[in-house]
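J.: As given, the protein sequences belong to chains A and B, one line each in that order. Here this note's numbering is used: the first residue of the first sequence is 1, the next is one more, and so on. Here this note's numbering is used: the first residue of the second sequence is 272, the next is one more, and so on.
Worth double-checking, as some hints may not be accurate.
In silico SDA-like links for lysine to any residue, alpha-carbon gap of 20 angstroms or less [unchecked claim]: (1) B:499 x B:460; (2) A:235 x B:461; (3) B:472 x A:34; (4) A:235 x B:279; (5) A:235 x B:493; (6) B:305 x A:114; (7) B:441 x B:488; (8) A:32 x A:225; (9) B:472 x A:239; (10) B:482 x B:493; (11) A:37 x B:475; (12) A:37 x B:473; (13) B:278 x A:239; (14) A:235 x B:280.
These are computed hints drawn from the structure, not numbers from a lab.
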Amino acid sequence: MSPETKPDFLINPEGLRIDGRRTDEMRPIELKVGALKQADGSASIRQGNTYILAAVYGPRELHPRHLTINDRAYLRCVYRMATFSVPDRKRPAPSRREREISMVIANALKPALFLEDYPRAVVDVFIQVIQADGGTRCAAINAASLALADAGIPMRTLVPAVAVGKAEGKLLVDLGDEEDKYGGGDVPMAMLGTTGEITLLQQDGSFAKEELVEAMGMGVTAMKYILELQKEALKRAYTKKGAIEGEDDEEYEDDMETDLGEAEIAGEEDE
Amino acid sequence: MAVYFKKREVVVPGELLAEGRYRSSMGTYDEDGKVYSALLGIAELRGNTVKVVPLEGVYIPSEGDLVIGTITRVAGNNWKVDITGPYGASLHANNALRRPYDDDISRYFDIGDVIAAEITAFDRNSGPFLTLKGRGLGLLSEGMLLDLSPAKIPRVIGRSGSMINMIKDKLRIEAVVAQNGRIWIRAPDTPTLNLAIKAFKMIEAQAHTSKLTERIGAMLDQEMADMKEKAPKTTEIESEEEARAPVKAEPPEEEPEPLVEEESAEDVITAPTEEPAEPKASDEELAPAEEAEVAKDNDNTTEEVTEE
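Hey, can you work out the whole structure from these sequences and the hints?
T.: Pasting the structure below:
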């Protein structure tokens, strides 16, 4: 990115945005599950020029010990931006902003997880922003919820997230960096995929009551779309692996099912 | 009353699986009479019970499981044992040795030793606790440890041990497959060991595909035929990434006997996924004489320890 200048307009006379999108149009999203080999679960997201990696470790033993919670697992989220992720070098020390975003991401994801299944343990979520171009906290939630599913953590649902903002009096879905900087406001939100309960709602700038309600409506529509992308990304990651050796799949009555049946016996003894 | 998934379909968390009189079980949750998936996994319907078999996951202890652990600490009368996963286990000397035993229990097992043990208790507040009292439990010496994902272990064992028994028969190796995803292998030579590792990794990578036992069998036959052709050079030693040998190979002479002898170690393999009543498959493979020996060994193991 070259030195930044304020664009002359955020919405051109034809009603299109700087990057040519309509007001309710999202940037292209590319989700990839299993992006990192070492992590227990991982995912990457490309949303326009925003590029984020999320890695999940655990559930594992929690250190330092004094953080343990006796009736459930501790969810430790760490959101960090790479020094090269923004036009001006970001200073590498954890900033106040990063700590706040780490917390709101943890709070957005927590209601979706069955943390009570793993008392005294920790689930670590590491989020690294490789390239920032607006909407990083929402993109981070999208990727983190995929990484959690990839790690085999029991969860109620996936968590899609999106930001809706305002510029020149119009509501815009999925803000880019310039729209965020020079626009009139920003409302990031996240919801539980099954029930639609909102788990993250923040606001920058000023919105009239009607505007906020409308913004949330647009956000929910966008999040439903993202949820479908998330589901599809997860299924793609696992069916692809199977397809390599699955050419002989015409015959279904094989040992697979019976093997799983054995596992079931073990599972029921557990109950 | 409806089921919303195809047989063996990959499902994602939050996916609606069934509605109506369906019972939710492992890997699923129930909300207002609707069954949703709680995991990324493969959906299964048994009768009216819906479950999801996970594709990934850490080891969560469960009573009666056979596990392979590494001793990480000796604390008074306890050994602290790493059994992978979030929960570290402890093994009390009373559950491992016969009284009277030396105050310094590191004489029997020390840090880095690898043991096969059974989980006796685990709940949300305490544990897991281990015992070595049982057939084939005890120190695993020599051999090699392989870490796999615990979610794939049912596949490694196969239906009543079909997979693991086939691998052991074909390669003539000894192996202990534990519920916590660890496999202990003792092979006559390095190429065989590498082949065994290859087979186990192949099972892990293709755990959700069909006809796996057949394919593994074919692969082993093929590789073994190749191996025979270039038989003369068998000395090359390759170290596998995730495999590692137990730290201690041979106990010093004044040390107690290892608790597990070859034959008894072989018995362990199939244990936990079977119905308890069923005789263990590999028992039948043993000649009567050997069997008697095994029984004797097991009776004596703890005594042997204390005598020394």
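J.: Each hint needs a verdict: does it hold in this structure or not?
T.: Status of each hint after checking the structure:
1. B:499 x B:460: 13 angstroms, holds
2. A:235 x B:461: 38 angstroms, violated
3. B:472 x A:34: 18 angstroms, holds
4. A:235 x B:279: Within the cut-off at roughly 12 angstroms; holds.
5. A:235 x B:493: Roughly 33 angstroms separates the two Cα atoms, so the pair is violated.
6. B:305 x A:114: With a Cα-Cα distance of about 17 angstroms, the restraint between residue 305 (chain B) and residue 114 (chain A) holds, given a limit of 20 angstroms.
7. B:441 x B:488: 8 angstroms, holds
8. A:32 x A:225: 16 angstroms, holds
9. B:472 x A:239: 19 angstroms, holds
10. B:482 x B:493: With a Cα-Cα distance of about 17 angstroms, the restraint between residue 482 (chain B) and residue 493 (chain B) holds, given a limit of 20 angstroms.
11. A:37 x B:475: 15 angstroms, holds
12. A:37 x B:473: Judged against 20 angstroms, a Cα distance of about 17 angstroms means the pair holds.
13. B:278 x A:239: Since the Cα atoms of residue 278 (chain B) and residue 239 (chain A) sit roughly 14 angstroms apart, the hinted pair holds (cutoff 20 angstroms).
14. A:235 x B:280: Distance of about 9 angstroms is within 20 angstroms: holds.
Hint compliance for this structure: hints 2 and 5 are not met, and every other hint is.
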